[in-house]
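The listed protein sequences correspond, in order, to chains A and B. Quick note: the first sequence, position 684, residue 684 per UniProt numbering, numbers continuous. Quick note: the second sequence, position 251, residue 251 per UniProt numbering, numbers continuous.
I should point out that these hints are in silico values taken from the structure, not numbers from a laboratory.
For lysine-lysine, the following PhoX-like pairs were computed, each having C-alpha atoms within a straight-line distance of at most 25 Å:
| id | chain 1 | residue 1 | chain 2 | residue 2 |
| --- | --- | --- | --- | --- |
| 1 | A | Lys749 | A | Lys725 |
| 2 | B | Lys194 | B | Lys47 |
| 3 | A | Lys670 | A | Lys654 |
| 4 | A | Lys744 | B | Lys253 |
| 5 | A | Lys67 | B | Lys392 |
| 6 | B | Lys164 | B | Lys194 |
| 7 | B | Lys253 | A | Lys725 |
| 8 | B | Lys367 | A | Lys67 |
| 9 | B | Lys47 | B | Lys84 |
| 10 | A | Lys749 | B | Lys253 |
| 11 | B | Lys375 | B | Lys392 |
| 12 | B | Lys253 | A | Lys623 |
| 13 | B | Lys392 | B | Lys408 |
| 14 | A | Lys746 | B | Lys253 |
| 15 | B | Lys363 | B | Lys69 |
Okay, the calculated beta carbon distance ranges per label pair:
| id | chain 1 | residue 1 | chain 2 | residue 2 | range |
| --- | --- | --- | --- | --- | --- |
| 16 | A | Tyr71 | B | Arg265 | 49 to 57 Å |
| 17 | B | Glu199 | A | Lys746 | 56 to 64 Å |
| 18 | A | Asn75 | B | Glu311 | 43 to 51 Å |
Model, not experiment: these values are computed from the prediction. We put the CB at the ideal spot given by N, CA and C, even for glycine.
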Amino acid sequence: MAAVESLPPGTPSAMRNAFGTVLSALILVLIGVLAFSIRLFSVIKYESVIHEFDPYFNYRVTQFLSKNGIYEFWNWFDDRTWYPLGRVIGGTVYPGLTLTAGTIWWVLNAINIPLSVETVCVFTAPVFSAFASWATYLLTKEVKGSGAGLAAAALLAMVPSYISRSVAGSYDNEAVAIFALIFTFYLYIKTLNTGSLFYATLNAIAYFYMVCSWGGYTFIINLIPMHVLLCIVTGRYSPRLYIAYAPLVVLGTLLAALVPVVGFNAVLTSEHFASFLVFIIIHVVALVYYIKGILTPKMFKVAVTLVVSIGLVVCLIVVAVLVALVASSPTGGWSGRSLSLLDPTYASKYIPIIASVSEHQPPTWPSYFMDINVLAFLVPAGIIACFSPLSDASSFVVLYIVMSVYFSGVMVRLMLVLAPAACIMSGIALSQAFDVFTGSIKYQLSSKSKDDAEDNTSTKNAPKDDASSGKADKGEEVAKERLSKKGKKKEREPAEKPSVKSKIVKKKALVLPLEASIVALLLLIMLGAFYVIHCVWAAAEAYSAPSIVLTSQSHDGLHVFDDFRESYAWLSHNTDVDDKVASWWDYGYQTTAMANRTVIVDNNTWNNTHIATVGTAMSSPEKAAWEIFNSLDVKYVLVVFGGVIGYPSDDINKFLWMVRIGGGEFPHIKEADYLRDGQYRIDSEATPTMLNCLMYKLCYYRFVETDGKGYDRVRRTEIGKKHFKLTHFEEVFTSHHWMVRIYKLKPQKNRIRGRVKKLKQKTTSGVSSKSVKKNPWM
Amino acid sequence: MAARIWIFSVAVALFLSFSSGHDLQIVNAERRIDLSSHIVNAFLTLKVENIGKDPAADMLLAFPPTQIKHLSMVQAMAITGKKKKKTYLPLDVKPTEQPDAPNDTGYFLVSFATPLTPGETVTLEVLYILTHSLEPFPSEIAQSESQLVYYRDSAVILSPYHIKQQTTFFKTPSARVESFTSVDPANRAGKEIKYGPYEDRAPYSYAPVIVHFENNSPFVVVEELVREIEISHWGSLQITEHYRLTHGGARHKGVFSRVDYQSRRSISGSSSFNALLAVLPPKVNSVYYRDNIGNISTSHLRTGFKKSELEFEPRYPLFGGWRATFIIGYRVPLEDYLFEAPDGRRYLNFTFGCPLVETIVNKLTIKVVLPEGSKDPSTVLPFTVNQDLQVKYSYLDIVGRTVVVLQKDNVVPTHNVPFQVYYTFKPIYMLAEPFMLVSAFFFVFVASLAYVHIDLNIVKK
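Take the sequences, apply the hints, and build the full model.
What follows is the structure, encoded as C-alpha cells:
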C-alpha cells in the first residue's frame, strides 16, 4: 500500500504496482482462508469440540473468565483441583490465549453475535493460524521480498507440524503463540531494517503478548540476543541494531514482569541472562563506536587499552556475581524443561514426570518427514539463498533455523518452532528458484524472438531487471507462471524503468537453458503439489482426531467410542458436586472441565509429591491404596482401561510411570517388584505385587466375565489373575466399551461392628484381636 | 390409621357441606385406572341425574388433596346417543374452590353443554391424569431387582354427590401384584383388580386402598424442559430443546456392573431405561443431539410424512435417581407452521408439550422467539399457562427480538396440542441485517480507499 502512495498514479509501473498490491492482497486473503479451512477437518469429520487434555483446562479458564471477568480471573484460586492444595490459576497460567479468546467472545457478544464460549475456543486456533501465515508473509517480505513472503505464507498455512497444534478444537497456548512468535520476529526485523523506534515499541508489545501466551517466549529472548551478538561479532553493528535491541530488552522485560506467571523470573532466571549480557555488550559497543567517532585514531587506541583493562575487571566481577547467583539456586537457575533442552538426557535422568510426556521425547526421523515434509529438502536451498547476499535480516532467519533445528531435535513439541523457520527458508528457496527459472525462460524466449524480430533495443537486459526488481517489488513471481501472457507483456516495461535497486549484474550467470528451466519448474511444481497433498492428508487423517472420542472403521460402518464423555457425564450428573475423584494426572483437566468434579492431580504437574502419592496408591495393594485415598478424601477412583477394545494408551500402559514417579518419592514402591524379565507384565508371568496392586485390580475386575478367558487386546495376552473380589472398592460405573471404570471407596468399617466383633470374640473367647488393631480407624 | 380417622372426619363433614347448590346424584359410576406406566390415566364414566328442582348448569368433581397436587389434566366429555351413534361433546372443566371443602378436597367444575333439567340424566366421560403418584417401595433397589411401587387411592370415588352404584378397576402392567387392600367386594384377575360394585355410597365416602405391584416401565421424568422456537422469516423454524432428565423410579443402590448389564439384560436393570423416543414434526431437518460437552452419537432419525421419529440414547443407561442433560435441536420449514391470519397478523401454529413419548415434564418452558421488529404478540392456548414477555438479542440485533414465554408445570403427553402465537410483522425488517452487513463492508472499503489516498504525514516528502 505504501508503495502505491509513493508513486505518481497513471504511469504503467504504478499501475503494475497497484495490480501487484491487489494481487498479493488477494493471494494473502486466500492463504488466510486456506489456513483456516484446512484446520476444519476435525469439525467436519468429528464435531466442534475441544480436543485432548490441556485445551480442556484452557477452555475451563476461558469459561471462568467470560463468566466472572478479568479481576476475578487474576485472583482465581481453583479449589477443584490438586485437592487439598488447590491451585492459584491467575498466577500460574499463561493468560494470553485465554484473554484472547475471552476478548473475542466479549466483542462478538457485544455486537449481538451469540456464539458460545466453546465455539470461540474451538475456532481460535484456525483464526490465529491465518494470522500466523500473514505474519510469516510480513517477516519473509522483510527478509527477501514479497514473492518469498507469499510462498512462505502459503507453506506455513498448511505445514503439518503447525496444523497438529492448531486444528479447530486444539485450544492450546501454541495456537496463538506461534503467531506471536512470528510477529515478534517480524517486528524485530522491521525495526532492524528501518531503525524506527515506533516498530521497536510495537516489537516490545508483541513480545509481551508472546510472554503472555507461551513459555516458549524464552526462545525469543535468547534468539534475538544471539542475533545481536552475531551482528556485532561480524562487524554489522549499526544504530538500527541498537534501536531494535535495547528498547526490546528494557520494555520487554518490564512488560514480561507484569505477567503474573513470569513475574520476577524475567530478571531472576538464567533463561533471561543472555539478553542482559548482550544488552551490556551492545552498550559497550555503541560507546566504542561513539568514542571512535569523536576521537582521533591515536587517542582512540589509548582509550581502548584503558577501557579494555577497566572493562575486563568490571566484567569479571559481574560474571562472578552472576555465577554465584546461578549456583546458589538448586537447578542452577534453569527450569527443568529448559535444562532438558540444553541437556536432552536431563529429564529422563532426573524428572520422570517430564520424561513421561510423549511430546517431551526427542523426535524420530520419520516425524520430521511427517511434520515438515518437503520443506526439509528446501531448507538448505533457502539457507544458501539467504547468504546471497547476507543481510541483517537474512542472517537472523539463518540463525533462527539453526537454533530451531537443534531444539526440535531435543523435544518433539518444539518441532512447532522449527516449522515457521522451515517455511520461511523454503519460501525463500522456492521464490528464488522460480525467479531464476522463469527469468531464464523469459531470457531464452526473448533472445529467440530477438533473432527473429528486429525490435531488440534493450530486451537483453529484460530478464535481469525483471528478475531482480521482481524480487523487490510486488511478488508476481508466484502469479507469473499462471499468467504467462501477462509476463510477456511485462517484458518490455523494465526497459523503460531504470533498475532502481542497483542490484548486482551477475544475473547473466544465472541464465539456464530453456529446457532445463522448464523441467526444473515442473519438478518444483510437482514438489509443491506433493507437499500440498501431504498436508491435506495430514490435516484430514493424522491430526484431526479430538482424542476424547475415538472412531474405528469396520466393515459395518463407522463405530464411535465415546466412553470418556460418557463417564464424565455420568460423574457430573450422578455424583455429589463436592466429591473428589482420583485418577492418573492425564485425566485431571478433563475431569474438572467436563465432569466438574474435584481432582487430586491434573496435567499441570506442579507438585511431584502429590502425583507420586496417587502413583503410589495406584501401585499399592487394595487396602493401602484405600487408606491413601481415604486420607485424601477421595470418593471415586477413575481408571482408563483399553483391554476390551484395544485402546493402547490406557492406564496399564502408563502404569510404569505411576510406579516410577511414586517410587521416586516413596521408596517402598520398588520398580523391580513389578517387573518380570525387565518388563511390566500382566499375564500369568506377572509378579504377585503387580497382580495385587490397585491398578491391576481396578482394571481387570470382573474382566474375565466378558469373554470367559480374560484376554487383554492391548497386551495381547490372557490376564494373570482372573477371579478376584474387591474388598475396599466397589464398581459404580463402567462405560459402554469398558474404557473408563469408576470405583467408589467403600465407607469406613463401622466401629460398632468392630465392637460387636470384639464382644463376640470375648464371648467366644476369640484370641486374635490383631485384625482389629490393624485398622487405623479404631 | 390416619386414614380411618380421616374417613370419620369426612363423614362428619358430609352433613355439613352441600355446597354445589344442585341436587345431583350419580346413578352409575365406573372408574378405570391404568397403572401400566408411570403416568396414571383414570377414566371415569359417570351417569349423572338431576334430582333437584332447579336446572343444574354444572357439577363438581372432587379429588383428595394427595391427588390434587399430582393432577396434571382433567378432561370431561358428555356422551350423547347410544352405542353406535355415540357422539362426544367436550365440556369446559376448570379448577374451582369451595368455601367449605372438607380436608382440603380439591374441586373441578364441569359445565354442562345445556343445563340439566330436573329428572334428566347425562353420561359424562372424565379423563384425569396423575403424575408422580406411584411411590417406589422399596425406595432403593439394586441392579438386579425389579421395581415395585405403591399406588394409593380410594376404593370408592370421592364425590360431593351420592353415588348409587360404582365400580373401580385398577390395571397393573404385569400380573405380579404383591398386595392390595381388600375392601369387599374386591378381587384380582391377572392384570386387573376390581373394587366393587359398591351400592349407595354417601357423598365424600372414602376407602383408602394401597396397591403394591411391579412396574418396570421407564419412569422418564423431565425435571425441566426449555423449548426455544425461533422464527426466521427467511424460511425456517429453529427449535432447541434443553432437557434435564431423570429416572423417577426407585433409586439405584450400590454397584452398577457393566458385565451384568450387558450380558444378563433380562434380569439386570429391568427398571432402567436406555432408549428414548422423540416424536418430531415431519420434514424435520438439521437435527442434532448433544449435551454441554459435545455431540452424543447414539441417535437415529426416521423421517416420515406424518411425523419424524428420533430414537436416541442418553450417554449412559439411566437407573433410578440418575440424571442426564441433553439438547435436541432441529429445523422445520416455516411454511408448515407460520400462517397469515385474515386480519393481516401472522400466527405460529405449533405443538405444545414435550416431544418425548410417555414422559412427565415437571416444568415446561416454551419460548417463542419472534423475529426482530414483531409487535403485539398474543397467544391462544386450550389451557392456562403462565405467560411472560422477554427480549432476546441474537445475530446482529439492535432492538432485540420479542420472546413469548409460556410456562406450565406437570405436563404429560396429553398436553401435546397445537397452540398459536399471533403477532404483527413488517417484512421490511427482514432486510435490516443484510443492509447492516453491506454497509459495514462498504464502510471498510471506503475507509481503506481513503487511507490509501490521504497522506497522513506531517512532514511533506
